[in-house]
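Chemist: Construct all of the structure, not just a fragment, from the sequences and the given hints.
Respectively, the protein sequence lines represent chains A and B. Following the working numbering from start to finish, the first sequence increments by one per residue and tops out at 341. Following the working numbering from start to finish, the second sequence increments by one per residue and tops out at 336.
Simulated from the structure, these hints should not be mistaken for laboratory data. Watch out, some of these pointers could steer you wrong.
[What the hints assert, rightly or not] Keeping only pairs whose Cα atoms sit at most 27 Å apart, straight-line, the calculated DSS-like set for lysine-lysine is:
{"id": "1", "chain 1": "A", "residue 1": "202", "chain 2": "B", "residue 2": "283"}
{"id": "2", "chain 1": "A", "residue 1": "306", "chain 2": "B", "residue 2": "249"}
{"id": "3", "chain 1": "B", "residue 1": "283", "chain 2": "A", "residue 2": "339"}
{"id": "4", "chain 1": "A", "residue 1": "239", "chain 2": "A", "residue 2": "178"}
{"id": "5", "chain 1": "A", "residue 1": "339", "chain 2": "A", "residue 2": "191"}
{"id": "6", "chain 1": "A", "residue 1": "202", "chain 2": "A", "residue 2": "137"}
{"id": "7", "chain 1": "B", "residue 1": "115", "chain 2": "B", "residue 2": "249"}
{"id": "8", "chain 1": "A", "residue 1": "138", "chain 2": "A", "residue 2": "191"}
{"id": "9", "chain 1": "A", "residue 1": "191", "chain 2": "A", "residue 2": "202"}
[What the hints assert, rightly or not] Selected chain A positions facing chain B (Cβ under 7 Å, derived; list incomplete):
{"id": "10", "residue": "99"}
{"id": "11", "residue": "103"}
{"id": "12", "residue": "310"}
{"id": "13", "residue": "315"}
[As the list claims (entries may be wrong)] Okay, the calculated beta carbon distance ranges per label pair:
{"id": "14", "chain 1": "B", "residue 1": "287", "chain 2": "A", "residue 2": "276", "range": "20 to 30 Å"}
{"id": "15", "chain 1": "B", "residue 1": "183", "chain 2": "A", "residue 2": "126", "range": "55 to 65 Å"}
{"id": "16", "chain 1": "B", "residue 1": "134", "chain 2": "A", "residue 2": "340", "range": "37 to 47 Å"}
{"id": "17", "chain 1": "A", "residue 1": "338", "chain 2": "B", "residue 2": "214", "range": "41 to 51 Å"}
{"id": "18", "chain 1": "A", "residue 1": "149", "chain 2": "B", "residue 2": "123", "range": "29 to 39 Å"}
{"id": "19", "chain 1": "B", "residue 1": "280", "chain 2": "A", "residue 2": "338", "range": "17 to 27 Å"}
{"id": "20", "chain 1": "A", "residue 1": "122", "chain 2": "B", "residue 2": "290", "range": "25 to 35 Å"}
Cβ coordinates follow ideal geometry from the N, Cα and C atoms, glycine included.
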Amino acid sequence: MIIRKPADIPSSEITDERLYLSRRAFIGTAGALGLLAATGGASSLLACTTRDEGESAGGVAPDDELTPYEDVTSYNNFFEFGTDKADPQHNARGFVTRPWSVAVAGLVKKPGTYALEDFLQPHRIEDRVYRMRCVEGWSMVIPWRGVPLKDMIARFEPLPGAKFVEFETLHDPKRMPGQRRPVLTWPYREGLRLDEAMHPLTLMVTGLYGKELPNQNGAPLRLVIPWKYGFKGIKSIVAMRFVEQQPLNTWQEAAPHEYGFYANVNPNVDHPRWSQAKERRIGEFRRRDTLMFNGYADQVASLYAGMDLRKHY
Amino acid sequence: MTPSRRVGKPLVFLAALAPALWLAWTLLVEWRGADWPGAGWLGADPVEKLQGETGRWTLIFLALTLAVTPLRRLLGWNWLQPYRRMLGLFAFLYATLHLLNYVALWMTFDLGDIAEDVAEHPWVWIGVTAWALLVPLAITSTKGWVRRLGGKRWQRLHRIVYVVAIAGLVHFFLAVKRDVQEPTIYALVFATLLGARLVLRRGRGITPRRAGTKREEMHPIASDASVPSP
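Modeler: Here you go:
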């Protein structure tokens, strides 16, 4: 189910920013949800996932409250700007994201290099609240803003041979100081099977909390695939390639026994060094049970029917 | 006790305790959601931050403890000796806080999950083992125990600290996701401190020593500065 919200009403106009900015997550759930509900159109943000469907149905559960803006923007795994989670907020401060262009290449009818504005222009921007589960065992609930990737892909018209889409982050050690050390093989690369990329939940993100995407969160363009571990959500994208073979993603290349191509959130398949059965929601001290496909099983489980998820981790 | 030591000991004690007090304070502030000084210092994930900080301080105090002997031998800084037990006990304190944070906040006292985590993951049991090995060292750190065991046996027992240091390092290397820069720095420090001992051992008798050193080594119980060097 896709939820649309008119693009001409920025959430910043309808949602109290002070709530977003309040320092920690101990805002009452009822308060947060009530406020969203009170904003009318915004209540639909939660509908894709929701309260009515209930926890087992895989939505944002009744106690899923938004992770404060301050936490979402100060706790980031974005190695291009440093390996400590507090690094990107500082090191990405002066990162200039205009002009920006995205190369579309490979098995596609309309390849080319598009200026960011042209890349986004034909599409309607939507707001979506998604859970984000990091492979490290913590999670957040983030109100993203972006374009369903399927809309973009349809526009470029992939050829029949295209089975996967590969994405690439900007590689510019002058602007991305983290790339001056070989912590990972730069540039960062990620990939999706075409049907995963075309899934309605997959979002090409341009903002969060109703604002432009902060640099530390992957400006100006990043991917969000809510049923997969966070590292699949490649940031600061400059290239998109349609290919026939399954691409090698950066983390899989770095540690193939720990990180796979699929990286679907799965409480039953542990990371070799820690259990994935539970998670700590940022802003809370308790641990929650991690949900299959991060709670989006109803929407995405069919993509993996018949696959051994232990093997394809 | 000399006057300088009378001032020095409480000062070193407070300095060594300060990080623990700060961490406890920031946690309290976080818990209360209060807007007191230190609010927000623990960041978005206080549990992870505390785990990292307590681990770091454990390694720092282990390194300081292990630095005492080489500094005495090489530079004749015998005045360091009386602080060594305190530094070692602080390493144990931080290791204990690290373990407590893991049990209480990280694993939320879920004993089943803890048992599974320790059993299945080498880096976890290596860490727990390193802490467990510090327990007998902390217990026998008193003058009474040095006397009871005798200098030689006490010294042999306390060589376990080398195993703890190496286990702590391995634990750190295995804990990081990808960037080994920080554990590498600690590894270099420990390699220097342990390497210095090998060099000293080979050069025993050649290294100049100050008068006091020899006497203390011969009579381990004789003064406050007496605990033998492992």
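Chemist: Could you run down the list of hints and mark each one as holding or not?
Modeler: The hints, checked one at a time:
For the hint pairing residue 202 of chain A with residue 283 of chain B, the CA-to-CA distance comes to about 24 Å; that is within 27 Å, so the pair holds. For the given pair, residue 306 of chain A sits about 46 Å from residue 249 of chain B by alpha-carbon distance, which is inconsistent with the 27 Å threshold. Simply put, residue 283 of chain B and residue 339 of chain A have alpha-carbon atoms about 21 Å apart, close enough for the 27 Å limit, and the pair holds. Distance hint between residue 239 of chain A and residue 178 of chain A is fulfilled; the C-alpha atoms sit about 22 Å from each other, no more than 27 Å.
The straight-line distance between the Cα atoms of residue 339 of chain A and residue 191 of chain A is roughly 20 Å, inside the 27 Å bound, and the hint therefore holds. For the proposed pair residue 202 of chain A and residue 137 of chain A, the alpha carbon gap of about 34 Å is over 27 Å, so the pair is violated. For the proposed pair residue 115 of chain B and residue 249 of chain B, the alpha carbon gap of about 17 Å is at most 27 Å, so the pair holds. Of the supplied pair hints, the one linking residue 138 of chain A and residue 191 of chain A holds, its CA atoms being roughly 16 Å apart against a limit of 27 Å.
Note on residue 191 of chain A and residue 202 of chain A: the hinted pairing is violated, with a Cα-Cα distance of about 34 Å set against a maximum of 27 Å. The interface hint given for residue 99 of chain A holds, since its Cβ lies 4 Å from the closest Cβ of chain B, which is under the 7 Å cut-off. The beta carbon of residue 103 of chain A is positioned within 7 Å of a beta carbon in chain B (closest approach about 3 Å), and the interface hint is therefore held. Satisfaction of the interface hint for residue 310 of chain A is found here, the shortest Cβ-Cβ separation to chain B being roughly 5 Å, below the 7 Å cut-off.
Given hint, residue 315 of chain A at the interface with chain B, holds; its Cβ is 5 Å from that chain's nearest Cβ, closer than 7 Å. Under the hint 20 to 30 Å, the C-beta atoms of residue 287 of chain B and residue 276 of chain A, about 25 Å apart, fit the expected range. For residue 183 of chain B paired with residue 126 of chain A, a C-beta distance near 58 Å keeps the hint of 55 to 65 Å intact. As the Cβ distance of residue 134 of chain B to residue 340 of chain A is approximately 45 Å, the hint placing it in 37 to 47 Å holds.
Taken as a hint, the range 41 to 51 Å is violated for the pair residue 338 of chain A and residue 214 of chain B, whose Cβ atoms sit roughly 27 Å apart. Distance hint for residue 149 of chain A and residue 123 of chain B: a CB-CB separation of about 60 Å, inconsistent with the stated range 29 to 39 Å. With their beta carbons about 23 Å apart, residue 280 of chain B and residue 338 of chain A fall inside the hinted range of 17 to 27 Å. In this structure the hint that residue 122 of chain A and residue 290 of chain B lie 25 to 35 Å apart at CB holds, the actual value being about 29 Å.
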